[in-house]
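Asks: So the chains spell out like this:
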Amino acid sequence: METAETPFNFFTVGNLTRIGNISAMTLSELLAGLEQCSDASIFHHTFQTLSSHHFLTEGFSNDFAQWVLADANRDALAEQLAALDIRDYSSLAALRADLCQLVRDFCKLHPEFADQSALEPFYFCESIEVALPLGLTARSLDEFRVGVTHLSHSSFYFHFISSRLRLHLRTNDFSHWLADGLGLITLAENVNRIDIYTNTLDSARNKLLRLMDRERRKHDGSADREPHPAG
Amino acid sequence: MTEVQTANRIPLDDYAAVIGAGEIEELRALARPLQGRRVEMVNSTAVGGGVAEMLNRLVPLAEDLGLLFRWDVITGGEDFFQVTKSFHNALHGAPYHPQPRDFDIFREYQQRNLHRLPLDVEFVIIHDPQPVGLIEDRTNGKNHWVWRCHIDLSHPNPTVWNFLHSYVSRYDGAIFSSPEFARQLPIPQYLFYPAIDPLSEKNRDLPPEFIANVLSRYQIDPLRPILTQISRFDRLKDPLGVIRAYRIVKRYFDCQLVLAGGSASDDPEGAQVLKEVHRAAEGDPDIKVLELPAWAPLEVNALQRASSIVIQKSLREGFGLTVSEALWKKKPVVASAVGGIPTQIIHKHTGLLAHSVEGTAYQIRFLLSHPEIAARLGERGHEHVKENFLITQNLKRYLTLFLSLGGAV
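Protein chains in written order, with this note's numbering: chain A, 1 to 231; chain B, 1 to 409.
Fair warning: there could be bad hints in the mix.
[Unchecked claim] In silico SDA-like cross-links for lysine to any residue, where the CA-CA straight-line distance does not exceed 25 Å:
1) Lys348/B / Leu119/A
2) Lys348/B / Ser117/A
3) Lys348/B / Pro121/A
4) Lys386/B / Tyr197/A
5) Lys85/B / Gly173/B
6) Lys348/B / Asn199/A
7) Lys207/A / Glu379/B
8) Lys386/B / Arg205/A
9) Lys207/A / Glu387/B
10) Lys85/B / Val18/B
11) Lys386/B / Leu56/A
12) Lys386/B / His150/A
13) Lys348/B / Asp39/A
14) Lys142/B / Ile128/A
15) Lys348/B / Ser203/A
16) Lys330/B / Ser52/A
17) Lys207/A / Val18/B
18) Lys386/B / Ala70/A
19) Lys386/B / Thr57/A
20) Lys330/B / Glu79/A
Because the hints were derived from the structure by calculation, they are not lab data. All values derive from a computational prediction rather than experimental measurement.
Construct all of the structure, not just a fragment, from the sequences and the given hints.
Replies: What follows is the structure in C-alpha cells.
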C-alpha cells in the first residue's frame, strides 16, 4: 500500500464554553442575536453542540432549532433550522446568513409569533477551541487506522466535522489526507459521505474503519462485495 | 495548616474502563504543556458540601497528570461564617438587610487569610463568595485568577452582589454552572457544568445482592414499579407534589414511591417539611419516607439503581446533580424544567420534563406504559452524562482553561 509523503498529524482538542452577554426571549430577539453574535457563537451552537450531543440521532441538530422547538414552541421553524446541514458550510458567515434568513422569513410570515415570549431564554455562548498535537502520526492506511481507533470523541469530531471550517472546503481532515496524501480518492469521497446526523460519533467511526478495511482488502486482492458502509 | 490532603485517591487510568483509553491519552496530551505548573484551589471547607466533594476528586486526578495542585481552605470565626451564610442566602434571593459591620467582618477575614495563604502560583482558582476578596493579594499581571461560582446568581440581593462585584470584576475570568446563573461582568465568563464521579460510592456499579439487601431493609418490593425522588426534605424539592403525582399514577399502576433524603434533625424547616410528608404519606404502606444518614452514598446508589423511574420535581433548583446520577445509572427520569435540569434532561431525548403535578404524573404513566421508550431515554441519558457531566470532563475543561489563559499552546 501507498505511503504518504506528508504524514497525518492527529490532534487532541479541548473546548471551553464562554457565556456571552446576549440572550433572547422571543424569535425577534433570537434574530437580533444571530445577527450580532460572534462567529465563535455560531460555531458553538451548531458545530460544537452537535459534537456534545452526537449520541442523539433522532431530531437533534443544533441549539437554535432545539430552543425554537422546546421553548418557543414553533415546530415548523424548528424543523427548518434543524434541516441545515453543517457539512454544507465551509464558512460560518454563510451558515449565519442562512440561519438569519430562516428566522427572518418566519417572523415576516407570522408576525404574531415574532414577539411571543418563550418558556426559557436562549443564552448565546461561544466556543474556545484549544488543539494540541497528540504526538501520533500516520503515513500509511494501517497507521491511520490505528490513530482513528484511538481518538476521543471530541478529537474525532475536530478532524471529521469542524475541520471543514479550517479547510474552507466541503471535506474533512481525514478525506483530505486520504485523497491528497495517499491518493485514495474514492475512499476519501465515501468517508466524506458518512452521515453524522443519523450516526453517533462511535457509529460514524465504525463506518470509517469499515471503509478503510474494505480498501485494505481491495489492495490485498480480496475485496468482497459487502454493502457499502457509508451513509 | 490550611492545606487539604485529599483522601480516596483513584488513579486516572481507572477511568479508562468508563470513558475509554483514548480519552485518558488525550487528557495526558492536553496536560503535557502544563506539567510542573502550579495551581492553587481555595474554598471555605474541606469536608461536606458539593465543592469539597468535587475538589477531593479533581485534585488527585490533576496531580496524576503532572500538575502541581494545592488545595487550601480559608479560616474564619463564627462571625465570618454567619456573614457568609447570610450572603449566600441573599445571593439566592432571600431577604437580607446587611449592616456595614457585616462587610467589615468579611473584609477583615479576607485580610487575615491573605497572610496565611501562598497565592503566588500561576493559576489561582477561588471557589464561591467566601474567599472572593483574596484577589486583593494579586500582584499585577503575574498570575491568573479565576473565580468559580457554584451558586445561582440569577436573582441576587443587589447590595450583596454590588459589594462582591467589586472583587469579582478584578479577576481574569469567572466560571458559572449555567448561563442563567451568570451576571453582566467586564471579564470573560465560562460555563463549567458540575460533574459526578462515576467511580465514587454514589455512582459505581453495585452487586445485585447489595441492591436487594437495601430494598429488603427498607421493605421495598422489587417486583413492583418503584418511583424514587432523592432529595433533602425541602419545600423547593416539592415532596408533597411528588406524593400527589404518585397518587394519580397509583390509579393506573400498582407502584411504590420512595422519598429518600438526609436527616432533617438539625434543620428546623426540614423537620417541619418531613412532618408534613409523613402526614401526607400516612396510611399508604407503598410510600416509603426514608431519612438516610447524612452520608449514605451506597444506599442512595442502590435506591437509584433499583428504581423504575427517578423523579426530580423541584420547584427551584441549582444544577440538580441527582438527575445526572440517575441518568448515569440509565434510569428514565421525569423532572421539572427548572434551574440546570433542562441542561441534563433534553425533553424526549434524555428524559421527560414536566411543569406541574399532573404533568409529572402523566409522564410517569407514559413511561410505565412504554418501557422500551423508558429504556431508550435511560441509555441516551447515560451517554449525555458520559459526554458532558463526568469529573473527567470537568478536568478537561480546567486543562483547557489553563492552556487558554496560560498561553502554552
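Asks: Now, for every hint given, state plainly whether the structure supports it.
Replies: Cross-check of the supplied hints:
no.	hint	verdict
1	Lys348/B / Leu119/A	holds (17 Å)
2	Lys348/B / Ser117/A	holds (22 Å)
3	Lys348/B / Pro121/A	holds (19 Å)
4	Lys386/B / Tyr197/A	holds (19 Å)
5	Lys85/B / Gly173/B	holds (24 Å)
6	Lys348/B / Asn199/A	holds (18 Å)
7	Lys207/A / Glu379/B	holds (21 Å)
8	Lys386/B / Arg205/A	holds (18 Å)
9	Lys207/A / Glu387/B	holds (21 Å)
10	Lys85/B / Val18/B	violated (38 Å)
11	Lys386/B / Leu56/A	holds (13 Å)
12	Lys386/B / His150/A	holds (17 Å)
13	Lys348/B / Asp39/A	violated (30 Å)
14	Lys142/B / Ile128/A	holds (23 Å)
15	Lys348/B / Ser203/A	holds (22 Å)
16	Lys330/B / Ser52/A	holds (18 Å)
17	Lys207/A / Val18/B	holds (23 Å)
18	Lys386/B / Ala70/A	holds (23 Å)
19	Lys386/B / Thr57/A	holds (16 Å)
20	Lys330/B / Glu79/A	violated (29 Å)
Of the numbered hints listed earlier, those contradicted by the structure are 10, 13, 20.
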